[in-house]
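Let the hints inform the model, and build the full structure from the sequences given.
So the protein sequences, as listed, match chains A and B. Just so we're aligned, residue 2 is where the first sequence starts under my numbering, counting upward by one. Just so we're aligned, residue 50 is where the second sequence starts under my numbering, counting upward by one.
Careful, some of the hints might be misleading.
[As the list claims (entries may be wrong)] EDC-like cross-link-like pairs, simulated, lysine to aspartate or glutamate; straight-line CA separation at most 16 Å:
(1) A:94 with B:108
(2) B:58 with A:42
(3) A:94 with B:148
(4) B:120 with B:101
(5) A:71 with A:55
(6) A:52 with B:148
[Said to hold, decoys possible] From the derived model, a few chain B residues whose C-beta atoms are all more than 10 Å from chain A:
(7) 62
(8) 63
(9) 67
(10) 73
(11) 76
(12) 102
(13) 114
(14) 121
(15) 122
(16) 124
(17) 126
(18) 129
(19) 133
(20) 134
The hints are simulated quantities; they were obtained by calculation from the structure and are not laboratory data. Just so it is clear, CB atoms sit at the ideal spot from N, CA and C, and this is done for glycine as well.
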Amino acid sequence: GQQLNQSPQSMFIQEGEDVSMNCTSSSIFNTWLWYKQDPGEGPVLLIALYKAGELTSNGRLTAQFGITRKDSFLNISASIPSDVGIYFCAGRKETSGSRLTFGEGTQLTVNP
Amino acid sequence: NAGVTQTPKFQVLKTGQSMTLQCAQDMNHNSMYWYRQDPGMGLRLIYYSASEGTTDKGEVPNGYNVSRLNKREFSLRLESAAPSQTSVYFCASSLRGFETQYFGPGTRLLVL
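Pasting the structure below:
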C-alpha cells in the first residue's frame, strides 16, 4: 500500500506567496524526487535528491532530502499562476530496484 | 523527439471487454513502466520492464498483463475490464532503472 504521506493535500494561496509541502514515511529512502503534474498531462520531474541532507534548487523551487532519509520537503518561492497543478513526491528504496513509491499529491491553486 | 507517447487518449469500455493500451518511447530508454492514477492515491505501479525481454509485477498487477514488444514499445492489456479499472493510466520510461522517469500524457479509461 501507499507508504508516503504527503501534506498538505491541497493549498489555496495568493500570487507572490511562498509555498511549503512535505513528504514523510516510516521507511528509509535513498532517492527523493519531486514531480509536477499539469491538468491532462503526465508528471514532469522538478528536482531529484540523492543524499541525506542535500538541498537542491531549480529556479524558485528548493527541495531538501531529510537527514533521517524518511522525509523530504519542497518549497516554492514567490508563487505565480503557472505554478498551479499537483505536486507529487516519490521515493526509491535501496531494496526496491527501479521502482518508485509516490505520495498522494498536493493540489496547489494560486489566485492572481 | 516525441518522448513517451500513449494511445488511445480516451477510452470507454463495458465490463468484460478487453483492450490494449499502447506506449512507445523514442529516447532509446531501457526501462519502461505502467502506472495507474486514482484520485487521492497518487500513482501506483502496475508492471515494469527493466530491460527488453523482461517484465515484473508492481504494486497492483491483478487484472493486467503486459508485453515488452521491443525496446521502444510496452503495452498494457486488460483481458476483462472491470469498473474498478476506471483510472488514468500513465506509461513512463527511463534510460536505466535508477534514472529519471519520463511520463507520457496518459490514457483516460472509463469502464461501465
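Comparing the hints with the structure gives:
With a C-alpha separation of about 14 Å, the suggested pair residue 94 (chain A) and residue 108 (chain B) falls inside the 16 Å cut-off, and the hint holds. A distance of roughly 11 Å separates the Cα atoms of residue 58 (chain B) and residue 42 (chain A); the hinted pair therefore holds under the 16 Å criterion. Taking the CA atoms of residue 94 (chain A) and residue 148 (chain B), the gap is near 13 Å; set against the 16 Å cutoff, the hint holds. With a C-alpha separation of about 5 Å, the suggested pair residue 120 (chain B) and residue 101 (chain B) falls inside the 16 Å cut-off, and the hint holds.
Under the criterion of a C-alpha separation no larger than 16 Å, the hint pairing residue 71 (chain A) with residue 55 (chain A) is consistent with the structure, at around 13 Å. Restraint check for residue 52 (chain A) and residue 148 (chain B): the C-alpha separation of about 15 Å stays at or below 16 Å, so the hint holds. No Cβ of chain A approaches the Cβ of residue 62 (chain B) within 10 Å, the least distance being about 20 Å, so the stated non-interface status holds. No beta-carbon of chain A is positioned within 10 Å of the beta-carbon of residue 63 (chain B); the least distance is around 25 Å.
For residue 67 (chain B), the shortest C-beta to C-beta distance to chain A comes to about 24 Å, beyond the 10 Å cut-off, and the non-interface label holds. Distance check for residue 73 (chain B) against chain A: the nearest CB is about 14 Å away, which clears 10 Å, and the non-interface claim stands. Under the 10 Å C-beta cut-off, the non-interface status given to residue 76 (chain B) relative to chain A holds; the minimum distance is some 14 Å. Against chain A, the non-interface label of residue 102 (chain B) holds: every CB pair exceeds 10 Å, the least being about 16 Å.
Separation of residue 114 (chain B) from chain A is adequate, the least Cβ-Cβ distance of about 19 Å exceeding the 10 Å criterion. The beta carbon of residue 121 (chain B) sits about 18 Å from the closest Cβ of chain A, which is more than 10 Å, so the claim that it is off the interface holds. At the 10 Å boundary, the C-beta of residue 122 (chain B) stays outside the reach of chain A, the nearest C-beta of that chain being 17 Å off. For residue 124 (chain B), the condition that its CB be more than 10 Å from all CB atoms of chain A holds, with the nearest at approximately 17 Å.
Every Cβ of chain A is farther than 10 Å from the Cβ of residue 126 (chain B); the closest lies at roughly 20 Å, confirming the non-interface assignment. No Cβ of chain A comes within 10 Å of the Cβ of residue 129 (chain B); the nearest lies about 25 Å off, and the non-interface call holds. Every C-beta of chain A lies more than 10 Å from that of residue 133 (chain B), the closest at about 16 Å, which supports listing it as non-interface. No beta-carbon of chain A is positioned within 10 Å of the beta-carbon of residue 134 (chain B); the least distance is around 18 Å.
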